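Number of protein chains: 2
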Amino acid sequence: MDAITSAAGSLDTAIRDMQAALGAENVLLDGAGMADHGDPFAPPGDWYRPGAVLMPGSVEEVQGVLRIANQHGTPVWTSSQGRNKGYGGGAPRVPGTFTMSLRRMNRVLEVDEANCMALVEPGVRFFDLYDHLRATGSKLWMSVPDLGAGSVIGNALEHGVGYTPIGDHFGQHCGMEVVLPDGDILRTGMGGMGNPHNWLVYPHSAGPSWDGMFTQSNFGIVTKMGVALMNPPEVYAPGWFTLDSEEHFSTFLEVLRPLMIDGTISNQPMIINAVCAASAFWGREEWYTGDDPIPEAVIDRIAQTPGFGRWVMRFAVQGDAPVVRHNRAKIEAAFATIPGGSVSFEEFDGHNLPEFENPHHRVQAGIPSMALDRMTRWYGGEDGGHIGFSCAMPIAGKDGTAIRDLCARVLNERGLDYASAIIVGRRSMIHVALVVFDTTNGPQARAAYAAVKAMLEPAAKLGYGEYRSHIDFMDEVASLYDFNNNAQRRFAERIKDCLDPTGILSPGKQGIWPATFRENP
Amino acid sequence: MDAITSAAGSLDTAIRDMQAALGAENVLLDGAGMADHGDPFAPPGDWYRPGAVLMPGSVEEVQGVLRIANQHGTPVWTSSQGRNKGYGGGAPRVPGTFTMSLRRMNRVLEVDEANCMALVEPGVRFFDLYDHLRATGSKLWMSVPDLGAGSVIGNALEHGVGYTPIGDHFGQHCGMEVVLPDGDILRTGMGGMGNPHNWLVYPHSAGPSWDGMFTQSNFGIVTKMGVALMNPPEVYAPGWFTLDSEEHFSTFLEVLRPLMIDGTISNQPMIINAVCAASAFWGREEWYTGDDPIPEAVIDRIAQTPGFGRWVMRFAVQGDAPVVRHNRAKIEAAFATIPGGSVSFEEFDGHNLPEFENPHHRVQAGIPSMALDRMTRWYGGEDGGHIGFSCAMPIAGKDGTAIRDLCARVLNERGLDYASAIIVGRRSMIHVALVVFDTTNGPQARAAYAAVKAMLEPAAKLGYGEYRSHIDFMDEVASLYDFNNNAQRRFAERIKDCLDPTGILSPGKQGIWPATFRENP
Numbered sequence: 001m002d003a004i005t006s007a008a009g010s011l012d013t014a015i016r017d018m019q020a021a022l023g024a025e026n027v028l029l030d031g032a033g034m035a036d037h038g039d040p041f042a043p044p045g046d047w048y049r050p051g052a053v054l055m056p057g058s059v060e061e062v063q064g065v066l067r068i069a070n071q072h073g074t075p076v077w078t079s080s081q082g083r084n085k086g087y088g089g090g091a092p093r094v095p096g097t098f099t100m101s102l103r104r105m106n107r108v109l110e111v112d113e114a115n116c117m118a119l120v121e122p123g124v125r126f127f128d129l130y131d132h133l134r135a136t137g138s139k140l141w142m143s144v145p146d147l148g149a150g151s152v153i154g155n156a157l158e159h160g161v162g163y164t165p166i167g168d169h170f171g172q173h174c175g176m177e178v179v180l181p182d183g184d185i186l187r188t189g190m191g192g193m194g195n196p197h198n199w200l201v202y203p204h205s206a207g208p209s210w211d212g213m214f215t216q217s218n219f220g221i222v223t224k225m226g227v228a229l230m231n232p233p234e235v236y237a238p239g240w241f242t243l244d245s246e247e248h249f250s251t252f253l254e255v256l257r258p259l260m261i262d263g264t265i266s267n268q269p270m271i272i273n274a275v276c277a278a279s280a281f282w283g284r285e286e287w288y289t290g291d292d293p294i295p296e297a298v299i300d301r302i303a304q305t306p307g308f309g310r311w312v313m314r315f316a317v318q319g320d321a322p323v324v325r326h327n328r329a330k331i332e333a334a335f336a337t338i339p340g341g342s343v344s345f346e347e348f349d350g351h352n353l354p355e356f357e358n359p360h361h362r363v364q365a366g367i368p369s370m371a372l373d374r375m376t377r378w379y380g381g382e383d384g385g386h387i388g389f390s391c392a393m394p395i396a397g398k399d400g401t402a403i404r405d406l407c408a409r410v411l412n413e414r415g416l417d418y419a420s421a422i423i424v425g426r427r428s429m430i431h432v433a434l435v436v437f438d439t440t441n442g443p444q445a446r447a448a449y450a451a452v453k454a455m456l457e458p459a460a461k462l463g464y465g466e467y468r469s470h471i472d473f474m475d476e477v478a479s480l481y482d483f484n485n486n487a488q489r490r491f492a493e494r495i496k497d498c499l500d501p502t503g504i505l506s507p508g509k510q511g512i513w514p515a516t517f518r519e520n521p
Numbered sequence: 001m002d003a004i005t006s007a008a009g010s011l012d013t014a015i016r017d018m019q020a021a022l023g024a025e026n027v028l029l030d031g032a033g034m035a036d037h038g039d040p041f042a043p044p045g046d047w048y049r050p051g052a053v054l055m056p057g058s059v060e061e062v063q064g065v066l067r068i069a070n071q072h073g074t075p076v077w078t079s080s081q082g083r084n085k086g087y088g089g090g091a092p093r094v095p096g097t098f099t100m101s102l103r104r105m106n107r108v109l110e111v112d113e114a115n116c117m118a119l120v121e122p123g124v125r126f127f128d129l130y131d132h133l134r135a136t137g138s139k140l141w142m143s144v145p146d147l148g149a150g151s152v153i154g155n156a157l158e159h160g161v162g163y164t165p166i167g168d169h170f171g172q173h174c175g176m177e178v179v180l181p182d183g184d185i186l187r188t189g190m191g192g193m194g195n196p197h198n199w200l201v202y203p204h205s206a207g208p209s210w211d212g213m214f215t216q217s218n219f220g221i222v223t224k225m226g227v228a229l230m231n232p233p234e235v236y237a238p239g240w241f242t243l244d245s246e247e248h249f250s251t252f253l254e255v256l257r258p259l260m261i262d263g264t265i266s267n268q269p270m271i272i273n274a275v276c277a278a279s280a281f282w283g284r285e286e287w288y289t290g291d292d293p294i295p296e297a298v299i300d301r302i303a304q305t306p307g308f309g310r311w312v313m314r315f316a317v318q319g320d321a322p323v324v325r326h327n328r329a330k331i332e333a334a335f336a337t338i339p340g341g342s343v344s345f346e347e348f349d350g351h352n353l354p355e356f357e358n359p360h361h362r363v364q365a366g367i368p369s370m371a372l373d374r375m376t377r378w379y380g381g382e383d384g385g386h387i388g389f390s391c392a393m394p395i396a397g398k399d400g401t402a403i404r405d406l407c408a409r410v411l412n413e414r415g416l417d418y419a420s421a422i423i424v425g426r427r428s429m430i431h432v433a434l435v436v437f438d439t440t441n442g443p444q445a446r447a448a449y450a451a452v453k454a455m456l457e458p459a460a461k462l463g464y465g466e467y468r469s470h471i472d473f474m475d476e477v478a479s480l481y482d483f484n485n486n487a488q489r490r491f492a493e494r495i496k497d498c499l500d501p502t503g504i505l506s507p508g509k510q511g512i513w514p515a516t517f518r519e520n521p
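Residue numbers (this note's numbering), protein chains in the order written: chain A, 1 to 521; chain B, 1 to 521.
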């Protein structure tokens, strides 16, 4: 946590106005009430705590919060659900400031069955949308990330992904309503029409397409968004590929790439290493109790667990039966060329899914789950946590081995295990080092943060930028986007100063600071 | 053309500086030189003519042009190739001002075979990229619109489409380099890294995604862009569906929608009516010589041409043989339910395409063509032209019939024929009324413009916004995006004033005027 001091002292009069605007019950001031709105994995100590949590219930109340914040010059950090786990949750970059949670704005406003789209508010969790679809008799599938308690909108805005064919959540959205820092309301795409007949089906309007600038930014608060759904596939075939050694990891990625680019694999696979795979089932103490990094020999033992391997990939083919049959065979033939590799499939009727016990089967069918939350308990049991070091790169052996070796080395040097989850898209993959630690163990937590910071620059030199980052190192990440004297950050600052001259909205988000903070840090 | 007066008088001193910066040979001043940089279908009279055409050859020269323009306060309208036919070509919204054409910046900078991507400059035409791929021995397919002489970048920036599975050109792009109005250079996505290893594979960075705001706007000049390519499909199966009456047009669209949403049809189909189909082969005089709108009985005669119908859709299935076989059968079964409908396919080896004579076969295989240019010669032979009235709407019978009936009525009332081309995407379709006219016939040209203007507001009342518009009615189109007191335009103006305070870049583009023009119209 850097030198920006707490702004809590300036909140007092603003809090009274916020209470008047929202009702006192919607301004959380006590530690217990605020606890669920900070960083879920905060290390011991005074760590990016909110000064007060604001809980508006409507667009008008969001506008009210911004009006008061502008009057008092008090920053408001916003989140939809605040479940950006591994990246700071709902905690503000500037400790002691207001945070605004949109959890009360949780309506599914529309489900367009014919066009397979929904219009939701930011407080709608994946669980909520799923329950709404089932409760209303809809057969449509959705896309969910590994943990279902997050916001559908929040996840898309952070460039999060899910695991059905509509899993590129930002790429698949259509239309946004945004409250700007001055309270004005912008609707993007065809929402710009007074009669927004096409808001959920056509993503542009006549003029600029604004949506992207409201992702990973602090230029506005997204209060509605169109979300893609899909008809159930005839066949749902989750697959499992295991690789028994590190030696052919590179070959594996080379074989995988064309299957992704041509859509043979219809979802976004997730590749995890043995330590990460084990963390879904056990605490570390089941395998190793030393303070040093888990030894190779132990990892090899973990890898021998049935269904594991040094690396294992979950993926799926969803579609009509003959298409799934063909794509399965194509995948099997391709993977058969990888020494030490083994692939298997299961098949289910997409229209009549069983009750899955396997959480991987659930998420790849768009069914929310919280089962994989236990991956954070590798160290420290219930007190376990993680921060993500999350790089984008091509689906290529050279890149996969380079980032693997970098992360393993830096983490091991600091006594930490290397747990890796690689999420694979059409032409790129995100390598997430789940840097796990015991949140009650101060030195280990500090080592985890130090390890991430130590990996940022070497990764950048290899050409890998973070796709998302914890609030604690957003500044460092932004600095490493250094083309043309940090053109992206300089551009973002110009837009920030234009749209938010008093600098009240989520200052510091993704390293974008308003002029008020840049001039008086 | 509205009351904004020509700014040509103020160009003189700026022209000298431009000549010094670019070389006199790259500043076109004579009518012959400029003729190819205006509106290709300009009606008789003084019509949105450039004052001078600037032809920079590099990013540095683009920066030089902007520096001079800012010094003199002289606007510069930019285009990549200026082939935005039907929407004004390369002509400036403010007559008599500089236009800047990027035709000389025509290098294919990179082809990434492994990731099926290319990095191109704005002067690269679809023909150029195709020729480059073939000349370098690449087997990759690309996506092309109906006319291959346009800019790959320019088309994507205007939300244009092509007809292979990668035909959503903006949606499929990855990474941009943008010269801002003050000459600063921004690279979007992973281009923000000094070592842009992932520029062409991962579309975001850590922070806001800017790309969309540089489409259909006047905030920057895109000087490089990543373009999606694809491996050749095993089978290329172009299909043809004809419908023999207007009666079941609605049913047809209802049957089509789910085939698009689930990807059974893998490209973007184009549906044209009988008049539009005829215009690809003949001038109007072959069918009718009256001054009144072409009678229904004549349209019925045209519809009886083999391969025609009242409506005909070209589309394609591209993919592995078993997948194509399955999807063909699914499409045939679905279309068999449409009374008066008839569907047929051809099949080709995607790796060894024949020399196609049929231009539709070419464009759906990503091979550039100019054959369909003759559609503009319905009236007036070589002097024929068209302007597009181009609405976005759901793929639905109710909407398709409503826009058909509106366009036919308004055009016929003004003595014009109704020629329609509907381009179908995943969840939406763009209905383009190709408002065709003889460019040498002043009254007919004025009737064409008046007809479009008469359709804008009724279409908006039905909920349909233009997706693109001719420079002559960009202001009206922007006005009809009227949610919250034209929030989109007001927002665009704020960004415009922030990024381009002297208002030099493409003023009036998409109805976005800089402060200098809003205050002194």
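It is possible that some hints are incorrect.
[To be verified] BS3-like cross-link-like pairs, simulated, lysine-lysine; straight-line CA separation at most 30 angstroms:
hint: 1; chain 1: B; residue 1: 330; chain 2: B; residue 2: 398
hint: 2; chain 1: A; residue 1: 330; chain 2: A; residue 2: 398
hint: 3; chain 1: A; residue 1: 398; chain 2: A; residue 2: 461
hint: 4; chain 1: B; residue 1: 139; chain 2: A; residue 2: 398
hint: 5; chain 1: A; residue 1: 139; chain 2: B; residue 2: 453
hint: 6; chain 1: A; residue 1: 330; chain 2: B; residue 2: 139
hint: 7; chain 1: B; residue 1: 85; chain 2: B; residue 2: 461
hint: 8; chain 1: A; residue 1: 461; chain 2: A; residue 2: 85
hint: 9; chain 1: B; residue 1: 453; chain 2: B; residue 2: 85
hint: 10; chain 1: B; residue 1: 330; chain 2: A; residue 2: 330
hint: 11; chain 1: A; residue 1: 139; chain 2: B; residue 2: 85
Rather than coming from a laboratory, the hints here were simulated on the basis of the structure. Owing to the predicted nature of the structure, the values given are computational and were not obtained by experimental measurement.
Status of each hint after checking the structure:
no., hint, result
1, B/330 <-> B/398, "holds (24 angstroms)"
2, A/330 <-> A/398, "holds (24 angstroms)"
3, A/398 <-> A/461, "holds (14 angstroms)"
4, B/139 <-> A/398, "holds (24 angstroms)"
5, A/139 <-> B/453, "violated (43 angstroms)"
6, A/330 <-> B/139, "holds (21 angstroms)"
7, B/85 <-> B/461, "holds (27 angstroms)"
8, A/461 <-> A/85, "holds (27 angstroms)"
9, B/453 <-> B/85, "holds (18 angstroms)"
10, B/330 <-> A/330, "holds (22 angstroms)"
11, A/139 <-> B/85, "violated (44 angstroms)"
Of the numbered hints stated above, those contradicted by the structure are hints 5 and 11, listed in ascending order.
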